[in-house]
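Novice: Using the sequences plus the hints, can you model the full thing?
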Amino acid sequence: MMKLKDPEEFIPLLQSFIYLLAFLVIIWVPQLILVFDEPSRSSMTELPFVDYWYYPLTGGLIIGFVIFLFMLVMGKIAGNSGMLKGVLDYSSSNHAQKFYNFAWFLGMVSTGFWFSFALPFPAAWHRPWYMSIMGGGLTGCGVTLGNGCTSGHGICGISRLSKRSAVATCTFFVTAIAAATGLRALTEEEWQWT
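Residue numbering for the sequence shown follows numbering that gives the first Met the number 0, beginning at 0 and increasing consecutively.
It is worth saying that the hints were derived from the structure and are not from the lab. Treat each hint with caution, since some may be false.
[To be verified] Dumping the calculated BS3-like pairs for lysine-lysine here, alpha-carbon to alpha-carbon at most 27 Å: (1) K75 with K162; (2) K97 with K75; (3) K84 with K97.
Specialist: This is the structure:
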(Lines of atoms letter the chains of each structure in order from A; the text may use other names.)
(Lines give C-alpha, C1' and ligand atoms only; values in the text may rest on other atoms or scores of the structure.)
Protein backbone atom coordinates (compact mmCIF):
# COMPACT_ATOMS: atom_id res chain seq x y z
CA MET A 0 0.00 0.00 0.00
CA MET A 1 1.30 3.41 -0.95
CA LYS A 2 1.82 5.89 1.91
CA LEU A 3 1.43 9.59 1.22
CA LYS A 4 4.01 11.67 3.07
CA ASP A 5 2.48 14.99 2.19
CA PRO A 6 -1.26 15.71 1.74
CA GLU A 7 -0.41 17.54 -1.50
CA GLU A 8 0.68 14.20 -2.99
CA PHE A 9 -2.99 13.21 -2.95
CA ILE A 10 -3.90 15.91 -5.51
CA PRO A 11 -2.43 14.10 -8.58
CA LEU A 12 -4.14 10.89 -7.49
CA LEU A 13 -7.46 12.70 -7.18
CA GLN A 14 -6.92 14.34 -10.57
CA SER A 15 -6.20 10.95 -12.10
CA PHE A 16 -9.39 9.51 -10.66
CA ILE A 17 -11.40 12.45 -12.00
CA TYR A 18 -9.83 11.99 -15.45
CA LEU A 19 -10.69 8.30 -15.41
CA LEU A 20 -14.31 9.07 -14.55
CA ALA A 21 -14.49 11.78 -17.21
CA PHE A 22 -12.97 9.43 -19.78
CA LEU A 23 -15.49 6.71 -18.96
CA VAL A 24 -18.45 9.12 -19.04
CA ILE A 25 -17.34 10.72 -22.31
CA ILE A 26 -16.94 7.30 -23.94
CA TRP A 27 -19.90 5.45 -22.41
CA VAL A 28 -22.73 8.00 -22.56
CA PRO A 29 -22.90 8.27 -26.39
CA GLN A 30 -22.52 4.51 -26.69
CA LEU A 31 -25.31 3.85 -24.19
CA ILE A 32 -27.59 5.92 -26.39
CA LEU A 33 -26.65 3.69 -29.33
CA VAL A 34 -27.24 0.53 -27.29
CA PHE A 35 -30.88 1.43 -26.77
CA ASP A 36 -31.35 2.55 -30.38
CA GLU A 37 -32.75 -0.83 -31.50
CA PRO A 38 -33.84 0.14 -35.05
CA SER A 39 -30.28 1.04 -36.05
CA ARG A 40 -28.88 -2.18 -34.54
CA SER A 41 -31.38 -4.44 -36.29
CA SER A 42 -30.99 -2.90 -39.75
CA MET A 43 -27.19 -3.01 -40.04
CA THR A 44 -25.71 -4.17 -43.31
CA GLU A 45 -22.60 -6.29 -43.87
CA LEU A 46 -20.32 -3.33 -43.15
CA PRO A 47 -22.24 -1.36 -40.52
CA PHE A 48 -20.04 1.73 -40.56
CA VAL A 49 -20.65 2.33 -44.27
CA ASP A 50 -24.29 3.19 -43.63
CA TYR A 51 -23.65 4.61 -40.17
CA TRP A 52 -20.78 6.98 -40.91
CA TYR A 53 -21.54 9.07 -37.85
CA TYR A 54 -20.35 6.31 -35.48
CA PRO A 55 -16.67 6.62 -36.42
CA LEU A 56 -17.04 10.40 -36.72
CA THR A 57 -18.44 10.58 -33.19
CA GLY A 58 -15.73 8.23 -31.92
CA GLY A 59 -13.02 10.33 -33.56
CA LEU A 60 -14.40 13.53 -32.04
CA ILE A 61 -14.56 11.92 -28.60
CA ILE A 62 -10.99 10.61 -28.90
CA GLY A 63 -9.77 14.02 -30.06
CA PHE A 64 -11.55 15.75 -27.18
CA VAL A 65 -10.15 13.35 -24.57
CA ILE A 66 -6.62 13.68 -26.01
CA PHE A 67 -6.97 17.48 -26.00
CA LEU A 68 -8.17 17.48 -22.37
CA PHE A 69 -5.35 15.18 -21.33
CA MET A 70 -2.76 17.37 -23.00
CA LEU A 71 -4.32 20.55 -21.60
CA VAL A 72 -4.73 19.35 -18.02
CA MET A 73 -1.79 16.97 -17.62
CA GLY A 74 0.60 18.62 -20.05
CA LYS A 75 1.52 15.22 -21.48
CA ILE A 76 0.93 13.25 -24.64
CA ALA A 77 -1.59 10.44 -24.29
CA GLY A 78 0.17 7.67 -26.18
CA ASN A 79 -1.28 4.26 -25.38
CA SER A 80 2.04 2.41 -25.68
CA GLY A 81 3.64 4.93 -23.33
CA MET A 82 0.80 4.45 -20.86
CA LEU A 83 1.21 0.68 -20.97
CA LYS A 84 4.98 1.01 -20.55
CA GLY A 85 4.35 3.25 -17.53
CA VAL A 86 2.05 0.62 -16.00
CA LEU A 87 4.61 -2.16 -16.50
CA ASP A 88 7.62 -0.10 -15.32
CA TYR A 89 8.26 -1.39 -11.80
CA SER A 90 11.37 0.73 -11.32
CA SER A 91 9.37 3.99 -11.27
CA SER A 92 8.72 5.54 -7.87
CA ASN A 93 6.24 8.13 -9.19
CA HIS A 94 3.06 6.54 -7.85
CA ALA A 95 0.75 9.29 -9.10
CA GLN A 96 1.97 8.80 -12.67
CA LYS A 97 1.65 5.03 -12.37
CA PHE A 98 -1.91 5.48 -11.09
CA TYR A 99 -3.11 7.63 -13.96
CA ASN A 100 -1.30 5.41 -16.48
CA PHE A 101 -3.14 2.45 -14.98
CA ALA A 102 -6.43 4.38 -14.88
CA TRP A 103 -6.08 5.31 -18.56
CA PHE A 104 -5.23 1.75 -19.57
CA LEU A 105 -7.98 0.24 -17.41
CA GLY A 106 -10.54 2.68 -18.81
CA MET A 107 -9.54 1.87 -22.37
CA VAL A 108 -9.61 -1.91 -21.92
CA SER A 109 -12.76 -2.04 -19.80
CA THR A 110 -14.64 0.20 -22.23
CA GLY A 111 -13.84 -2.11 -25.15
CA PHE A 112 -14.71 -5.18 -23.10
CA TRP A 113 -17.98 -3.69 -21.86
CA PHE A 114 -19.11 -2.62 -25.32
CA SER A 115 -18.38 -6.03 -26.79
CA PHE A 116 -21.40 -7.15 -24.75
CA ALA A 117 -23.47 -3.96 -24.77
CA LEU A 118 -23.24 -3.22 -28.50
CA PRO A 119 -22.22 -6.44 -30.24
CA PHE A 120 -21.11 -6.37 -33.84
CA PRO A 121 -20.37 -9.53 -35.78
CA ALA A 122 -16.69 -10.32 -36.13
CA ALA A 123 -15.35 -8.66 -39.25
CA TRP A 124 -12.16 -10.71 -39.50
CA HIS A 125 -12.11 -14.48 -39.75
CA ARG A 126 -8.53 -15.63 -39.26
CA PRO A 127 -6.81 -18.18 -37.02
CA TRP A 128 -5.83 -17.02 -33.52
CA TYR A 129 -2.10 -17.43 -34.20
CA MET A 130 -2.28 -14.76 -36.90
CA SER A 131 -3.60 -12.32 -34.31
CA ILE A 132 -0.76 -13.25 -31.93
CA MET A 133 1.82 -12.77 -34.69
CA GLY A 134 0.25 -9.46 -35.66
CA GLY A 135 0.28 -8.28 -32.05
CA GLY A 136 3.93 -9.26 -31.68
CA LEU A 137 4.93 -7.45 -34.86
CA THR A 138 2.94 -4.41 -33.77
CA GLY A 139 4.75 -4.44 -30.42
CA CYS A 140 8.11 -4.56 -32.20
CA GLY A 141 7.06 -1.69 -34.46
CA VAL A 142 5.92 0.40 -31.51
CA THR A 143 9.25 -0.17 -29.80
CA LEU A 144 11.31 0.64 -32.90
CA GLY A 145 9.10 3.62 -33.79
CA ASN A 146 9.30 4.98 -30.24
CA GLY A 147 5.53 5.27 -30.02
CA CYS A 148 2.24 4.06 -31.40
CA THR A 149 -0.43 5.44 -33.68
CA SER A 150 -2.15 7.21 -30.80
CA GLY A 151 1.03 8.95 -29.68
CA HIS A 152 2.36 9.78 -33.13
CA GLY A 153 -0.81 9.79 -35.23
CA ILE A 154 -3.18 11.66 -32.94
CA CYS A 155 -1.02 13.63 -30.51
CA GLY A 156 2.12 14.11 -32.60
CA ILE A 157 0.48 15.20 -35.83
CA SER A 158 -1.85 17.57 -33.96
CA ARG A 159 1.31 19.23 -32.56
CA LEU A 160 2.73 19.39 -36.13
CA SER A 161 5.64 17.12 -35.20
CA LYS A 162 7.65 16.14 -38.29
CA ARG A 163 8.93 13.00 -36.57
CA SER A 164 5.36 11.91 -35.82
CA ALA A 165 4.26 12.62 -39.40
CA VAL A 166 7.06 10.40 -40.73
CA ALA A 167 6.27 7.69 -38.16
CA THR A 168 2.54 7.75 -39.01
CA CYS A 169 3.23 7.53 -42.75
CA THR A 170 5.58 4.62 -42.07
CA PHE A 171 2.91 2.88 -39.97
CA PHE A 172 0.32 3.19 -42.73
CA VAL A 173 2.60 2.18 -45.60
CA THR A 174 3.77 -0.84 -43.60
CA ALA A 175 0.18 -1.79 -42.73
CA ILE A 176 -0.91 -1.58 -46.37
CA ALA A 177 2.08 -3.66 -47.50
CA ALA A 178 1.49 -6.25 -44.77
CA ALA A 179 -2.23 -6.56 -45.55
CA THR A 180 -1.57 -6.84 -49.28
CA GLY A 181 1.17 -9.43 -48.72
CA LEU A 182 -0.98 -11.44 -46.32
CA ARG A 183 -3.79 -11.55 -48.84
CA ALA A 184 -1.41 -12.67 -51.61
CA LEU A 185 0.11 -15.39 -49.40
CA THR A 186 -3.21 -16.84 -48.35
CA GLU A 187 -4.60 -16.64 -51.92
CA GLU A 188 -8.15 -16.33 -50.74
CA GLU A 189 -10.69 -13.58 -50.55
CA TRP A 190 -11.15 -11.90 -47.22
CA GLN A 191 -14.61 -12.33 -45.85
CA TRP A 192 -16.29 -9.43 -44.12
CA THR A 193 -19.47 -10.17 -42.23
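Novice: Hint check: K84 vs K97, CA-CA at most 27 Å. Holds or violated?
Specialist: 10 Å, holds
Novice: Does K97 pair with K75 here, judged by a C-alpha cut-off of 27 Å?
Specialist: Distance ~14 Å between K97 and K75 Cα, so the pair holds.
Novice: Is K75 close enough to K162, meaning Cα to Cα at most 27 Å?
Specialist: Holds: K75 and K162 sit about 18 Å apart, inside 27 Å.
The structure is consistent with each of the numbered hints, conforming to all of them.
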